[in-house]
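Colleague: Chain A is already provided as a structure; the job is to place chain B on it using the hints.
In case you want the letters, here they are:
Number of protein chains: 2
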Amino acid sequence: MTTTVTRYLLSRLRELGVGHVFGVPGDYSLAVLDEVLDTPGIEWVGTAAELGAAYAADGYARVKGFGALVTTFGVGELSAVNGVAGSYAERVPLLHITVGPSQAMEDTGASVHHTAGDGDFTRFARAHESVTCAHGVLRAPDAPAEIDRVLTAALAHRRPAYLRMPSDVGALHVPPPRRPLVRVDPIVDPGNLVRFTDAVRRRVASAESTAVLADYLVDRFGVRAELADLVAAGLPHAVVAMGKSVLDERDPLFAGVYAGALSDDVTRTTVDDADLLIRVGVHLVDTTSGGFSQGYPDGAGIELQPWEARVDGEIFADVPLAVSLPAVTELVRAHHGVTPTPPRLTDPPPPDTTCSALTQEFLWDAVSRSLTGEHLVIAEQGTSYFGIASRRFPSGCGFIAQPLWGSIGYGLPAALGAQLADPARRCVLLVGDGSAQLTIQELGTIARHDLHPVVVLVNNGGYTVERAIHGPRAAYNDIAAWDWRALPAALGAENALVMTVRTNHELLAALDAAHACTDRLVFIEAITDLDDVPELLRRLAEGVSIRNS
Amino acid sequence: MTTTVTRYLLSRLRELGVGHVFGVPGDYSLAVLDEVLDTPGIEWVGTAAELGAAYAADGYARVKGFGALVTTFGVGELSAVNGVAGSYAERVPLLHITVGPSQAMEDTGASVHHTAGDGDFTRFARAHESVTCAHGVLRAPDAPAEIDRVLTAALAHRRPAYLRMPSDVGALHVPPPRRPLVRVDPIVDPGNLVRFTDAVRRRVASAESTAVLADYLVDRFGVRAELADLVAAGLPHAVVAMGKSVLDERDPLFAGVYAGALSDDVTRTTVDDADLLIRVGVHLVDTTSGGFSQGYPDGAGIELQPWEARVDGEIFADVPLAVSLPAVTELVRAHHGVTPTPPRLTDPPPPDTTCSALTQEFLWDAVSRSLTGEHLVIAEQGTSYFGIASRRFPSGCGFIAQPLWGSIGYGLPAALGAQLADPARRCVLLVGDGSAQLTIQELGTIARHDLHPVVVLVNNGGYTVERAIHGPRAAYNDIAAWDWRALPAALGAENALVMTVRTNHELLAALDAAHACTDRLVFIEAITDLDDVPELLRRLAEGVSIRNS
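First to last, the sequence lines map onto chains A and B. Here my numbering is used: the first residue of the first sequence is 1, the next is one more, and so on. Here my numbering is used: the first residue of the second sequence is 1001, the next is one more, and so on.
These aren't lab readings, by the way, just hints derived from the structure by calculation. Treat the numbers as computed from the prediction; the structure is a model and nothing was measured. The beta-carbon is built from N, C-alpha and C at its ideal position, and this holds for glycine as well. One should not assume that every hint holds.
What the hints assert, rightly or not - Residues of chain B clear of chain A, computed beta-carbon distances all greater than 10 Å:
| no. | residue |
| --- | --- |
| 1 | Ser1130 |
| 2 | Thr1445 |
| 3 | Ala1486 |
What the hints assert, rightly or not - Simulated DEER-style distance windows between Cβ atoms:
| no. | chain 1 | residue 1 | chain 2 | residue 2 | range |
| --- | --- | --- | --- | --- | --- |
| 4 | A | Arg473 | B | Thr1346 | 26 to 36 Å |
| 5 | A | Glu43 | B | Glu1043 | 39 to 49 Å |
| 6 | B | Ala1357 | A | Asp519 | 29 to 39 Å |
| 7 | B | Leu1037 | A | Arg369 | 54 to 64 Å |
| 8 | B | Gly1109 | A | Asp519 | 42 to 52 Å |
| 9 | B | Pro1141 | A | Arg369 | 50 to 60 Å |
| 10 | A | Pro326 | B | Arg1473 | 31 to 41 Å |
If we strip away everything but chain A, and leave its shape as in the complex, we get (with noise of 0.2 Å):
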């Protein structure tokens, strides 16, 4: 029994749990595309331009685990570049492939379309090669094991693989997987394990005060249940804003999103001042750092990391974290400490319900007050997301954001792809109007796939960030003026619910019909003042302007 190498592929994407895979078709690639339309259990999303199939093969990976996308050579592989590039700084898994000029073009060296001209065909994967764990090119007899290769790569590294296929590789034919794709469980190296656990015990013995602090991480490396038992144990905890959702902001002991000094207090002294800080899948970006402002010493208290451990900057090589986070909470929990008190957060002001022209401050109250369990937020990066993440969330709410690739652009299309992931969940899309310009036609796909999204798009006149950090009046931070309520309706989604809100009054009622509308997509645009900007943003900014210069 034999299949072909398409197959082969498309059978171990399944085996990952894709169901959709995106892209936008050339030429070269339509074969493999029949062959990914007749694939039962794989849709194919086609985008509006490349770009968007990148990110919104990222935000479904950040919901199902792992995410495809198929690309042209050249052209179509380039254009997805900056989308692929951000899967490997925040570490999502995905695989990006892109097909090419047949064997026989490459061996007679043709001067054809998408390429330079030159009969190097090897050219574009290049720029692959910088932002992707495993990379490779399909040919026969090989290409199954070269499949396997990048998968399992891509799995381990939690980071994005690229393959090259030319047109008739994908038809050949090759004997079908013989058993489950190997997974690379991290190294554990059961001396350091043993010295690992001796140092915490002696630590968290003589810790007068425990708190934990977490990051994402813990999502990319699977172990938010193992992170749920640790705080179980009776610890004050937080969460760096890139990990937001990896805890239950409605757990008594949540002491808030820690953003170095600029946190709130509560959020603050509980993490800087606790006598043993456990840092669970850690790694501060200047944006979700205050700046690195972050009051502890670095090299001190535990420090879980998905490969190593650490405990007062001591090294504990091949540690991984879901070795050593659970180790970590036997200890705490056999050690009788004081029971802390808990954090006291402050809550947002009661609703304004009155008609004064609506601010930032206002409107991200209202947005977190609105969100459900059920909810996905996802936030742009930018006032967006400077906005949201500072806010409490309920219990089971999820949150994708981009802090450290900080990609404008990406938050429409993730959205797209997480909608598609998890259809029973409701993403929250929130997104300035200065970033929406550089995606808004896979508003149309969403149209398209009669997704129901809710669309919160902060009209205020350009790129809110940058007045904030640099030239607040300077024409480069403006933006060409479009007629946003227009737009759902000009881009396919003529059924959408649009609304246009400015006083806090009309935020208020737009929520509360977005929310009652879950049939249709929802569109509302929020204006508000061009120099208003979230508090968090407002102070990270002065910090970002004197870095830059």
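Modeller: Here is chain B on its own, set in the frame of chain A:
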């Protein structure tokens, strides 16, 4: 007297005729953009997305000789790389400047935004190494020399160059340019030139019939006038579509647009049956040669290339186009051959002004009839290119297309760049619905700058080139259904003249209205049947389908 690195760079760009710099701001680049705004003679053109900036800079460079874009580190530069690769493939010189984290940040290896969080600040520049002819990082005190080096290379190779600039380097003081930028002329080997002219003399003397075939390298290497001198010696001449506009298509000896075996009979026999074919700057691509179906023997005749010449296959190195072409003209003039019969090109049928449904054949005939010498046609690589390329243009009418790189979405931003480059020449953009979706946001940029091109958008429900090649009814060739009439206003072009045409009669009326309305953006939605394709595309597609499988 000193200047700053940014001002040095901008003064060099001014020297190259650059009056507009395209891009999207990022926080790292804002101080550099302050200098752009402050530089007399340079205008900042903020596009909605970086890929649009790259395409616009390419379109601009095709008109002005050089282009420039400024993006932000990582996210911005990678979004633009496909556009830059197109400029590389099609030999369009421009400079891509990306501004990144400061040198101090680089030194600390900080995990700042727009990086992979690993302290590697060289990672993303690697994506540009394969698609630029020169690249570098600006540091004091070498910045001026480095700027000059990459600009000189870009001019010599007619390719893009890339510079990465840490955010603090732009403000560093350096000496201003002391002399004009060095231009490197191609090397000329005097001995080879003598041997070349001897070979040409013998060949010309013995030829019973001589014809000329010209292509895009004539444009890129600046020898249009020299080519005009050659054909003025009384030689029938044809053009490859990628070089369309390098010859006067109203010259009595013009023999049409050559596309190998897919050419009109008159064109094909003029080229293929000439006893001596002089090829000037010809570089055939599958899409311009009917799938390499040229009927002339590859090695035979005289071939003039940018840096070398060939006579019946014998190579004369370092006999560049600028030298070989006038030499050939002189020898042709000296030879009193038979006066050739002017080729009889088939005239298109008289316009059908009845109300029959619009067809592709009629559409492209009517559009080409409506053109004047003051127009500049930008044809998207798709139905538009295949439809218009073979139609005869009026003298002086310009043409921009991308048949080698063939990146759909290129046309609209390229029209933005071309229209800014030469406001006196009205751009006529011919684009399909599938292609327009990739970069539609730049229609807003066109409106924002109050530009008045004519846009003819072919609405036929998908990727028509691909339908012709494979999967005429496959779902992947469908696109989201947009309300094209509503889009210009939604994107800020509320003053645009928008027309939808479904019949021959309506199209003719709309074209008349478009050409009469020169002070507004004109947007014509031309609806054609899903399966209707230009004849040239139909024939080409059959061949592509076979070669891809």
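Colleague: Between Gly1109(B) and Asp519(A), does the beta-carbon spacing fit 42 to 52 Å?
Modeller: holds, 50 Å
Colleague: Arg473(A) and Thr1346(B), beta-carbon distance inside 26 to 36 Å?
Modeller: At 60 Å between Cβs, range violated.
Colleague: Take a look at whether the Cβ-Cβ distance between Pro1141(B) and Arg369(A) falls inside 50 to 60 Å.
Modeller: Since Pro1141(B) and Arg369(A) have Cβ atoms about 56 Å apart, the given range 50 to 60 Å holds.
Colleague: If I claimed the Cβ atoms of Ala1357(B) and Asp519(A) lie 29 to 39 Å apart, would that claim hold in this structure?
Modeller: For Asp519(A) against Ala1357(B), whose Cβ atoms are near 37 Å apart, the range 29 to 39 Å holds.
Colleague: Within 39 to 49 Å: is that where the Cβ-Cβ distance between Glu43(A) and Glu1043(B) falls?
Modeller: With a Cβ separation near 45 Å, Glu43(A) and Glu1043(B) satisfy 39 to 49 Å, so the hint holds.
Colleague: Just to be sure I understand the hint, the distance between the Cβ atoms of Pro326(A) and Arg1473(B) should be within 31 to 41 Å; is that true here?
Modeller: violated, 55 Å
Colleague: Since Thr1445(B) was said not to touch the interface, does its Cβ keep a gap of more than 10 Å from each Cβ of chain A?
Modeller: violated, 6 Å
Colleague: Over 10 Å to the closest beta carbon of chain A is the bar; see if Ser1130(B) clears it.
Modeller: violated, 5 Å
Colleague: Would you assess whether Ala1486(B), listed as outside the interface, keeps its beta-carbon beyond 10 Å of every beta-carbon in chain A?
Modeller: Ala1486(B) not clear of chain A: closest Cβ-Cβ about 4 Å, inside 10 Å.
Colleague: Verify the CB-CB distance for Leu1037(B) and Arg369(A) against the hinted window 54 to 64 Å.
Modeller: violated, 41 Å
Hints 1, 2, 3, 4, 7, 10 from the list above are not met by this structure, while the remaining hints are.
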